[in-house]
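Enquirer: Chain by chain, the residues run as shown.
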Amino acid sequence: MNNNFLQPFLYKDKAMFLAYDHGFEHGPKDLIGKSINPEFILDLAVKGEYTGIILQKGIAEKYYIGTKYQKNVPLILKLNGKTNIPQISDPYSSINCSVEYAKKLGAKAVGYTIYLGSKCEEKMFADFGKIQEQAHQLKMAAIAWIYPRGSAVENENSPEITAYAARIGLELGADMIKIKYCGSEETFRKAVQSAGKTKVILSGGPKVEDEEILKRIESVIKAGATGVAVGRNVFQHQDPLAMTEKIKKIIFD
Amino acid sequence: MNNNFLQPFLYKDKAMFLAYDHGFEHGPKDLIGKSINPEFILDLAVKGEYTGIILQKGIAEKYYIGTKYQKNVPLILKLNGKTNIPQISDPYSSINCSVEYAKKLGAKAVGYTIYLGSKCEEKMFADFGKIQEQAHQLKMAAIAWIYPRGSAVENENSPEITAYAARIGLELGADMIKIKYCGSEETFRKAVQSAGKTKVILSGGPKVEDEEILKRIESVIKAGATGVAVGRNVFQHQDPLAMTEKIKKIIFD
Amino acid sequence: MNNNFLQPFLYKDKAMFLAYDHGFEHGPKDLIGKSINPEFILDLAVKGEYTGIILQKGIAEKYYIGTKYQKNVPLILKLNGKTNIPQISDPYSSINCSVEYAKKLGAKAVGYTIYLGSKCEEKMFADFGKIQEQAHQLKMAAIAWIYPRGSAVENENSPEITAYAARIGLELGADMIKIKYCGSEETFRKAVQSAGKTKVILSGGPKVEDEEILKRIESVIKAGATGVAVGRNVFQHQDPLAMTEKIKKIIFD
Amino acid sequence: MNNNFLQPFLYKDKAMFLAYDHGFEHGPKDLIGKSINPEFILDLAVKGEYTGIILQKGIAEKYYIGTKYQKNVPLILKLNGKTNIPQISDPYSSINCSVEYAKKLGAKAVGYTIYLGSKCEEKMFADFGKIQEQAHQLKMAAIAWIYPRGSAVENENSPEITAYAARIGLELGADMIKIKYCGSEETFRKAVQSAGKTKVILSGGPKVEDEEILKRIESVIKAGATGVAVGRNVFQHQDPLAMTEKIKKIIFD
Amino acid sequence: MNNNFLQPFLYKDKAMFLAYDHGFEHGPKDLIGKSINPEFILDLAVKGEYTGIILQKGIAEKYYIGTKYQKNVPLILKLNGKTNIPQISDPYSSINCSVEYAKKLGAKAVGYTIYLGSKCEEKMFADFGKIQEQAHQLKMAAIAWIYPRGSAVENENSPEITAYAARIGLELGADMIKIKYCGSEETFRKAVQSAGKTKVILSGGPKVEDEEILKRIESVIKAGATGVAVGRNVFQHQDPLAMTEKIKKIIFD
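Residue numbers (this note's numbering), protein chains in the order written: chain A, 6 to 258; chain B, 6 to 258; chain C, 6 to 258; chain D, 6 to 258; chain E, 6 to 258.
This is chain A alone, in the form it adopts within the complex:
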């Protein structure tokens, strides 16, 4: 089963994704200015030549499927989500879209967040296990967001737990994982190595200084990562397209 389900999302074997699930995870306060409008984001994805766009079900259904965007940027449908409102130390994020429905909405990949180390990790391993099988059955890639979190997780960004997160992605059969930065090219390389044939992309995270995010992207690319999924660092930027160009250069040149 040497598949190439990720093929639609790769250019020169690299990936640059535009993530837009912040409205679910953090609420509209993240979606400053024009970014509240999904069409602004989809336009950006096309103009910026992103190799993938990450959306939740509702936005895919109302703004993507059957539109011009569908032809110009492939879709990763995020299947689970939670808000940041309830105070839960060991989180779980439930499935709100079936793999089959994601297919109907034009997705070529599905995404699912696993909170590694949460007391509820068992539910997420089980969920992702089923999703991965259904996705491959339907010829779609299965992408795991793997974020260490829980009452037993002291440092969510330590090199060791990041490498563990990466390995879990491989062991669970993710085609690609989205993980956080763990401090340096060297430590990220260990994570990439732990992931083996599972491709690794950096989670862009909250808005930081341009230099900082560009440095991180450069660092993970050197470490062997396939690319990055950016969101806030682009659409909260005063010039998203210019920022996109800078990122694109690092990844593809």
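Accuracy of the hints is not assured; some may be wrong.
Identical chains blur together in the list; that is why a pair holds if it fits in one copy or across any two.
[As the list claims (entries may be wrong)] Capping the alpha-carbon separation at 25 Å, the derived lysine to any residue pairs in SDA-like fashion look like this:
#1 LYS73 with GLU161
#2 LYS202 with SER99
#3 LYS19 with LYS253
#4 LYS227 with ASN42
Simulated from the structure, these hints should not be mistaken for laboratory data.
Add chains B, C, D and E to chain A, keeping to what the hints say.
Expert: Frame of chain A; chains B, C, D and E shown alone:
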């Protein structure tokens, strides 16, 4: 999938719904005078030219399907409900009617309440996810009641959480959401904007002074809302039809 | 769906049921004298011309289906039950018989207990929701026992909560509900009114003085109830048949 | 449905079963001497002319189905089990074998333990409810082990709770129940009477003096029980076959 | 059903498995040096003539199925797993791969870990019950890892609990079990005896001195075990192949 599942409920692209699920949520004490009788309410819906009536399964089955009412006012079947008796800080409201059965009862839309921010929100996101897919499969609209509630929710009516509620409706693929008033036209506009192509209706809420409810309706309509779902402000009114006329004017004129 | 699933259980539009699920709910200590023997009860049901007999699965399977009793008194199969042993403040009663199996056992109606106000009420609303749909699919009536109970229920027999119980029966689509006495004809009338087209029968409850139970039955019939489900007040009586005759008179004359 | 699913297990309308699930419930420490070997037990069952053997899935699969034993002693497959290790005051015992698989393993009956009065009794009533229906569908008997246990059970062997256990067996539709001794012929007779047409067998329990167990068996047979399921009192005995002969005499002569 | 599902894994009726699920259970920190690379391990399995390789789904999918390895070493697919991050005293390990998918990935056996004595053991007994039936249906062996663990387990490696673990494997229908060393040949013999026709292999455990692990293997083979599943004692060794040869001699010569 640019559907128009909401079409049966719109007049001049606006909606005026009569909600009648208070017997479930609060008990008969809300149903003062004639309003204890579903036929009084259904008559009001027809005479008042409401563009939709909201009922729980049992009332739809015994008073709506196969009657004259079915021809005159389209049905939104509320699929879940809970009483106000148990003291639960992070509520969940379970499904008591299947989407398929709602269809048999003549419904053209289904409704489901999500308590945003509840520690049980995960169950409601998952439930609504399935309902939404089944509803669209059966060519019915999926409408979400989204009410912030839970031990971590300090102000259930703050502009920020209201906008978040609206956004969750969009992200989850609701065709329409029913949310509460958050204080002003300006703040409600932000919620409407957050909901994007998901239509927004105001939840009428408990009986207030005529002026107050009319002012709120005017305000949300100006803010871009599609309409309102009223209940107690009409059927607890001494002249429900007169009150209906006033609301109708604001919405459709 | 103007069904008459209750038709087999009505005589002059009234109902007199013999309940016999006490062995499950309270144990054999309730089944004094000959009443420990299901055949004694079934004989009583026939001789007393009860319009329905309420049994759990096992007794229906071993004493009713395929016997003479089946021809002479229609069966309401009680689908859930619990013992009075575990100390649980917010009770739930689980399903031990499927609707389909009830049908095989000759039942023309199914019964299910909902503990209104229990923190577990959500599970019972969901259970009953499915049962009701399956029952109607199989042309059987769905009867709900609705008893307020739980840590938040201060007075299980208050008029207000009784009316709420009755309303929940209507909202959930029960064809008939079995509720407790709430003190007077007047308050019970409010419950009957809240139930609308859902028929109401009185739960006989524990053995009381003859006068008392007869007075209650008279009172609920005047209040618009359809009838009564008696058990202990008859089979714990020294002359069950004589007692039955007295009740019959009140209900049908 | 006047079935005779128990027919294969009865001789002169009586039953003598050899129980061998102690390896699951208590561990090998109960299986002293040769009794650690399932073949020793199966030989004993055949030589002793037991009318049934009680095994868990694994032993049935590896030592019974397709062997000479299958022809000589009918199998009751025990579907659930738990160890005595975790300290749980209100126990639940989960299903590890499906009814269908039991059938494939040659079983003519299935067994299931219910801990009556446990806070988890609801799960066991629901489990057994499904098992009983599946078993009857496949023409197999459904046998319930009913043992009072839980934080609210003060005396697991009181006559009252034993009669309650027996009654629950009848109400749930068990063809036969296995219950514990409750002190005397007289009190056990009340349990047998409570079980009605559900046949009752005594659970042999831990090893006691020969006289004691023989006296108990005699007592329950006089009380109307159908027989006994023995295990430790036979295979922990220095002469299991001689002990078997003594029991056999009491039951069948 | 005298199957030989284990046949592909046996040589001279003995087994030597290479386990490689540590990346899931403990993280990359266990995978020192080249062992981070699955291909290094698979090469070792082939060169070392292991009679089975134990992998989680993702590694099987990306490194085994359709490769040269598939022809040279049979696969045991481990269906469940958990990390060592959350602090849970009574653990449960959830299923992340279906039996059917394991079959597609070329597995000839499936593995599942049961934490015996955990308050969650009921879930694992139920899970394994279903897995075992599905595996046999698909002509695959079902192998249980049985590790005593939980708040009530004082000594995870006592002879008594080890024998109990072994017995549970037999009772549940495992074709083979993987258990830990319990101190001596004599005590391990008791475990092997308790397992009856269920074959027993030793879990190699953490890296110890060469002499120690070799002594243990010799001891369990003498005690009647079928073999061993080694991991860290080989791939954390400076010369994995040499170590393999030493183990091989003990098992097969």
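Enquirer: Compare the structure with each hint and give your call.
Expert: Consistency of the hints with the structure:
In this assembly of identical chains, LYS73 and GLU161 lie within 25 Å of each other by CA distance neither inside one copy nor across copies; the values are 39 Å within and 39 Å between. Taking CA atoms no more than 25 Å apart as the test, LYS202 paired with SER99 passes between copies only; the shortest distance there is 24 Å, against 27 Å inside one copy. In this assembly of identical chains, the alpha carbons of LYS19 and LYS253 lie at most 25 Å apart only when taken from the same copy (10 Å versus 44 Å across copies). Taking identical chains as interchangeable, the C-alpha atoms of LYS227 and ASN42 lie at most 25 Å apart only when they sit on different chains, with a minimum of 19 Å there against 34 Å within one chain.
Comparing the model with each earlier hint shows a violation of hint 1 alone; every other hint is respected.
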